[in-house]
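Chemist: Sequence:
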Amino acid sequence: GCNPLAETGRSKLQNQRAVLNQQILKAVRMRAGAENLLRATTNNKVREQVLLELSFVNSDLQILKEELEGLNISVEVYQNAEETFSIPLVPLGLKETKDVDFTLPLKDFILEHYSQDSSEYEDEIADLMDLRQACRTPSRDEAGIEMLISYFLQLGYVENRFFPPTRHIGVLFTWYDSFTGVPVCQQNLLLEKASVLFNIGALYTQIGTRCNRQTQAGLENAVDAFQKAAGVLSYLKETFTHTPSYDMSPAMLNVLVKMMLAQARECVFEQIGLSGIRNEFFTLVKMTQEVAKVGEVYMLVNTAMNQEPVKENIPYSWSKLAQIKSDHYKALAHYFIATILCDHELQPGDDEDEQEKALSQLYDHVPEGLMVLAVLKDKVQRKQLGKAHLRKAIVYHEEALRVCGLCKKLRNIEVLQEVLTAAHKRSLLKYAQQETEDDFLSLIQAPDILPKTEHKIETIAPQFSKVKVKDFFHKLGPLTVFSAKQRWTAPRTICLHHEAGELGFSLKGGSPVQIYCLDPVCSAASAGLKEGDYIVSVGGMDCKWLGVNEVLEKMKSVGKQPIELEVISCQDTAASLHSKSATYSMGMQKTYSLICLAMDEDKINQTKKAPLKLPFLSWGTKNRQKAASTLCLPSAVAGSSQNKKKLSPFTLLNTESSLY
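No gaps in the numbering here: position 24 of the sequence shown is 205 in my numbering, and each next residue is one more.
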């Protein structure tokens, strides 16, 4: 990762975000304590004092939230260093987290679950912690993306190796909400994976805003980055449906995906007009439709941002910036079509049918009393309709400037003010160049413009397979066998002696190999070897990753000396416990994941019905089964297959019930 002490603009913002998160955490804890005291006390004097304290704490929280919003709208820090005359693009800030110490939980699990010396895995655990620490400060390029993806993939291995579905191992993950700063804590690794995915999407947005939008290659890279950001956020929304953090809720992610695709659409429009917009009829028609499409998608983004529950948590300045961009690009669409009508009169050599068809595609309907071909031929009607479009463009420009002036955060972005002002002056100048004697007599209203685009913008799904990672805990053995879901006995040593060149068993499977067709009267069976055992070591050499042929070669290499094997046996796993994890967030109300969990429990309780009364014969059979399960002891039958379940006191219990 980058140097966390580097004094770059981006690192300063992230450091300020971390400080604000700690202050918000402190204020949230104080508010939670005050609310608990308010519920517990009956003393009126104490209640008055607590209510006063609560008002101060809520005020502090509101101020801190506004400061965090200021960091989220500090877009100029993330823009390209080159001098540009473009409206800034909005990046996402990286989610902050607390340090996590994997050492003790993983070492304990290796010793308890895998029965191996955990001190041999200290370097691997340190590598995992170093990678996590580096992911907190990724570089703003493809190397940073690759590092985050490698950690995300590594978490998949860690989850399968060390996080059983039936219990927690004591690792607590804490991540701060990107918009509210409120911490969310879980012992579930899914919070870690979801937060890393969010940061991958956020880093793509920062890469997109950093691209040089004055070059063709820079704009292509920006479009690609925003599409990939939308793809990662969309994947997060579809894969992790019950994330407890508000910035990763399905509604919020849906809005963020729309915003990233809108910014990609904006870059496509800039790419089309980068070399200059020719003042030619059909070129202006195309540009009108493209810029109208940009205005439409930003209008949809603004509408989505003002819906509940997103409205309460998304930065207010983002919503206003989407509204400003919608008005700005709609104004440009009306300006372009006004230029078509005012500057391009129908000439004798022009194709009337083509121009009529092109102009008709811009409108859903034309003003009453007007026909498209008549407008093209009549100079007066062209001027009147063109001026109507200019008036509408000026109205949109003035609205964009008004909204920008009312928002304190946007008012301080100089380049935004310059772009809006320049576009407004250009429309005013164009309007002033037209004849003005009929202004008070003209009642034509400019119709809405139909958006259309020839460039498809869609999400690009993350390509995790392109990043190759090696399992840090490769030494534990093949993941299909040595995982947290399966329990094994401790390795036991079997000493084999040759009997006329025969071992008394066969080997099967890939790696590790498995004992097959064991002769129950051979010396190996007498030494304790069982059908279905896995061989993990031959003569002190690890062979978890070896196939049948390699293991046989190792056995033959011993010669006539006794062969020492280390084998393990699969244990019967207990009935799975409730796999849903309780999520808590300090000082917050119940998250919707907890509410969904409670609703699920209610549904289960409602669907439970009283057991049906069994007929007499069934009752007698059931009692005999109970008697057998209580009185019969497990017995070893010579020659019986290991696959058959041994009779135990718990054999006939309901396997779906949880044993505590």
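In short, the hints are calculated from the structure, not lab data. It should be emphasised that the depicted structure is a prediction, and the values quoted were computed from it without experimental measurement. Mixed in with the good hints, there may be bad ones.
[Claimed, not checked] In silico DSS-like pairs for lysine-lysine, Cα to Cα no more than 25 Å straight-line:
hint	residue 1	residue 2
1	K689	K666
2	K656	K590
3	K611	K560
4	K606	K689
5	K741	K725
6	K590	K564
Chemist: For which of the previously enumerated hints does the structure constitute a violation, in increasing order of number?
Modeler: 2, 4 and 6
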